[in-house]
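A.B. asks: The task is to assemble the complex, starting from two chains supplied on their own in separate frames and drawing on the hints.
Sequences listed follow chains P and E, in order.
Quick note on my numbering: the first sequence kicks off at 159 and runs consecutively.
Quick note on my numbering: the second sequence kicks off at 3 and runs consecutively.
Watch out, some of these pointers could steer you wrong.
[As the list claims (entries may be wrong)] Per label pair, the in silico range of CB-to-CB distance:
| id | chain 1 | residue 1 | chain 2 | residue 2 | range |
| --- | --- | --- | --- | --- | --- |
| 1 | E | Arg79 | P | Leu296 | 25 to 31 Å |
| 2 | E | Ala238 | P | Val313 | 52 to 58 Å |
| 3 | E | Gly77 | P | Lys484 | 51 to 57 Å |
| 4 | E | Ser65 | P | Leu270 | 53 to 59 Å |
| 5 | E | Gln197 | P | Pro358 | 50 to 56 Å |
[What the hints assert, rightly or not] Far from chain P, some chain E residues (derived; all Cβ distances over 12 Å):
| id | residue |
| --- | --- |
| 6 | Asp31 |
| 7 | Val68 |
| 8 | His125 |
| 9 | Ser176 |
| 10 | Leu184 |
| 11 | Gly198 |
| 12 | Ser231 |
| 13 | Asp233 |
| 14 | Glu243 |
| 15 | Cys259 |
| 16 | Val262 |
Since the hints were made in silico from the structure, they are not lab data.
This structure is a prediction, so every number in the text was calculated from the model and none was measured.
By construction, the Cβ of each residue, glycine as well, lies at the ideal position given by its N, Cα and C atoms.
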Amino acid sequence: MGFVLFALLIAAMVFSATMGYMSLSAGEVIKVVLHRLIGSGVYPDPVAAAVVVDVRLPRILAAAIVGGVLAVCGAVFQAILRNPLADPYTLGISSGAAFGASLVIVLQVFGLALPDGLSIPVFAFAGSIGTLFVVLALASGDRRLSSTSLILSGVIVAAILSAAIGFLKFLADEQVGIIIFWLMGSFSGVSWTNITVLIPIAFLGLAVCMLYGRELNIMATGERTAATLGVNTVRLRWILLLTCSLMTAVCVSVSGIIGFIGLIVPHLLRHLVGPDNRRLILLSFFGGGILLVIADTLTRAVLPSEVPIGVLTALIGGPFFCVIFKKRQQDGIAGL
Amino acid sequence: MESQDSDLLWQLAGVGFSYGGQSVLRNLDLAFAHGQCYGVLGANGSGKTTLLDLLCGLLAPRSGTVRFGNRSLSGWRPGELAKKVALVPQDFVVRFGFSVREVVEMGRHPHLGRFAALDDHDHQLVDGVMEEMGIQTLADRSVTRLSGGEKQRVAVARALAQDPQVLLLDEATSNLDIFHTLSILGAIRRRVDEQGLTVIAALHDLNQAAFFCDRLIFLKKGHLICQGSIDDVLQADIIHEVYGVDAQVRLNEFSGCYHVSYRMPSPQSSVHHL
Chain P
159 MGFVLFALLI
169 AAMVFSATMG
179 YMSLSAGEVI
189 KVVLHRLIGS
199 GVYPDPVAAA
209 VVVDVRLPRI
219 LAAAIVGGVL
229 AVCGAVFQAI
239 LRNPLADPYT
249 LGISSGAAFG
259 ASLVIVLQVF
269 GLALPDGLSI
279 PVFAFAGSIG
289 TLFVVLALAS
299 GDRRLSSTSL
309 ILSGVIVAAI
319 LSAAIGFLKF
329 LADEQVGIII
339 FWLMGSFSGV
349 SWTNITVLIP
359 IAFLGLAVCM
369 LYGRELNIMA
379 TGERTAATLG
389 VNTVRLRWIL
399 LLTCSLMTAV
409 CVSVSGIIGF
419 IGLIVPHLLR
429 HLVGPDNRRL
439 ILLSFFGGGI
449 LLVIADTLTR
459 AVLPSEVPIG
469 VLTALIGGPF
479 FCVIFKKRQQ
489 DGIAGL
Chain E
3 MESQDSDLLW
13 QLAGVGFSYG
23 GQSVLRNLDL
33 AFAHGQCYGV
43 LGANGSGKTT
53 LLDLLCGLLA
63 PRSGTVRFGN
73 RSLSGWRPGE
83 LAKKVALVPQ
93 DFVVRFGFSV
103 REVVEMGRHP
113 HLGRFAALDD
123 HDHQLVDGVM
133 EEMGIQTLAD
143 RSVTRLSGGE
153 KQRVAVARAL
163 AQDPQVLLLD
173 EATSNLDIFH
183 TLSILGAIRR
193 RVDEQGLTVI
203 AALHDLNQAA
213 FFCDRLIFLK
223 KGHLICQGSI
233 DDVLQADIIH
243 EVYGVDAQVR
253 LNEFSGCYHV
263 SYRMPSPQSS
273 VHHL
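Just chain E, same shape as in the assembly (with noise of 0.2 Å):
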């Protein structure tokens, strides 16, 4: 890895967005550390996605700063920046019927010159994260004729093939089972704890954000509700203002995670919360 100007990636100051005059971030102010994984949680049309497109560079704010490293994000090529940082989409649609391996390798794209093809090393590193996702097997299969979880399986590894300091997941668990989404994001918590991957998640599943996530995000309408780590952030108080429902929030013994169960609150509490 390469060496660190600052023990900060991203610093945003008031940044805000909007579509078409409707605002979808206000004033936020963050900063992400190195080798930390954030949860970034809300109710849909938050400002979840938009967050992470702002990080990546596919949009620019409109009002504030971005900084990436030690200038400001903007300044960044694309191709300098895709070195860097990998995004895991939502949903991950690929035409024409190109093989996992073709897809998996395509993410080696910013490390290569215009004609190079790629190296050894390139290879073994395809083959590694095909075999940290478990597609090894699907490798010549046709991704048109994927499901939904093998699909999303390769989007990872995709984003991995990049080699990046950062991985942006956009609920890019959504459409798996229990064990892949156990496998993958253990997988992906091991690159944290053990290579120093930063990532940033935008998550739907509070427990799943608990057994992942070292510090949340909570956006709600586009303003920061409040950010920290699992223990400061994950009550029941917070979570009743980001989603309007009853929570109770319990360390489990058989996981070892905090968990969460809700209910649809009373519906005296639920007028006051509209």
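For reference, chain P alone in the conformation it holds in the complex (with noise of 0.2 Å):
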């Protein structure tokens, strides 16, 4: 199965290459990506070259690591806080980071010369962390960090930092649209300095996670029980909720905020594999990132004028999980 996803993800990411304004046959994609990598004597045609390499291959780069991290941190932060709906914005992640960047936009409009291209992620991504930090610390008053108490944390914080938005949105007047724009999602600036600090904080993110498969298993046998089995819950919950927060808050500064991957991606897999943590969080990062290489090319190269990807995520796989939601309940099974 990892094999056959990771095939899928890479045919994926090079048919995506073929696909734009001006059309590549997937033989000249691989004679640039091989070029470049290993430095192959067969030379690739040199419009090419730059198209693949400068224009689409970060964007696809970025589409697949955003896509496999959050489908990733979807499964750990169901696993840890034991619940099928929650994802990587559940504890209010998105809300702060798009807090952060709607603070730069403001900030511009009032004539503060702030660089667009690294302010909107750095603060982005200072938004997210910090509101990390403070539903963790209202949360930690219950010393066992139950995951009722986590996730009520989230949607206090999430809620006051949404009207705080809104409060930006207000003084931002006629420019209100930039926000608008970044808060629905996009790819379309990426650069290779947005995939190079992607990447290492991906993978490093993602060997931590895998790291504590079993334990995540056993954290659906609820806290309780957990903890009779050696797993200590407080310290695994503080490792993953840091590890996957700084994950999605990276992702999020370089593409915005991009729902339901988190949610489907994991939810699918489950029903495919089963629910062991130990393939699922590897298989996530693969599913998500051809789910999200797939969203991207369908709006950058397919539709006719490019739609926000949040946007699209949402529209293909909200319904989608509906459908998927009744049919669970018409099967029987309570829950999810």
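C.D. replies: This is the structure in structure tokens:
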């Protein structure tokens, strides 16, 4: 299964690279990539090389990594919060990032000369990490750091932040469109610099999550049982919440807010391969990557004009999720 | 089984516990020995579950000391303790549709290294406890699709897969029919008699306690009312003090155990109890 999904991901990425304003063959794309990677003797067409390497590849790679990370974090958040409806945004991380990005845009409107390409990701990142710490500080009054306190704290902080974002939109006046567009998510501005930040954090984070696969399984039996099996539930929650929030924050700072990937991918894969997190986490990475590469290719090269990707994933993912949900209810499975 | 440093498993001295200012256990002195089956009895809210949580290190006492083996319970790492003590909780809810076998295998976690997979010995042990609990035919079924009684048997099997010296049961048979109650308690009792397993069970049913346990501990509002062998403490006046009901305790020829019958006390004595 792992190999199949990995092969599908690579195929989706190559296929995506062939599509766009200038149509290329898959062979050409592979030639360009091989030439860049291992300096093979076959020299590709320089225009094709420029299109693939400078324009399409960073965007495709970003979509694959962001999709993968969001899906992995979804699987992990669901396991530690014991809630199949949790996703990387449940604890208000997206609202924090949105607040950070909106703040930059408003400050620019008021004439503060903040460099655009850098400030938004940095502020979005700071916003989400700041939010995470406020949520953890709120929840840690309960020494067991239970999922109820965490989710409740997340909801409270997210509600305050969304009011604050509303206020920023109000301040932004005519420039409000920039904020709204950023909030809907997009890969159009991605550069190789973004990729060099994404890759190490994504893979380090993935490794940490995979390390705790068995403990995550045990969390499904409840906090009390997990603790009597020797799982330090509080420490596990701290480590994985911090890791996944960092991963999510980096993604949000690159692409804006993209919903539903973290919800749908682990859910579908649990259907296919069962709930064992030792497999699920890596498979989610591939699955999320495939889904977001396809979605981004759709909006970049197929649809007549570029629809914000966050809107696309929610428009496709939402109804799809409703269908699964109804089907499972009919099958008589309580919960998800 | 490992060498026993002390005849006693747990020693509790002056143990108290409170939730948010409300005292749940008060000044408890108790000792638990190897190879015995203890029943912890008392009305709802008398502190039974809290006592079990203190014994398996889920809670730390607010006052007094809990020793396990030859050292303070707080000196045991959770992973170390999990090799010796297993808990069957009252409500065993597993999320995400793990199969019965996967859940029982989770019981091996304390014995495995981080990257180790289950070996032949682990698989044998898991198969053994599933057979003992009569759930081998459910092995590949999702736990979310089990009946309450089946789930409870999975919970006991998971705890036994830990291969513990001590099994803590928190009203573990409350969802079971008579046949499965008897067969599961019987299987656990065999482990007590044949392998020296120690059991501490929070129970509601005094007749079940009479059939299953060696010694009883009666709690009321966090206080220890009395403890001792069934013969010594399963008595009408103690039952009246703990539960506020009139009781009659007789040896039953058919089961060979003590049998308790109850009735509500007359209005006068009920006022007296309150």
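A.B. asks: Which numbered hints does this structure break?
C.D. replies: Structure breaks no hint.
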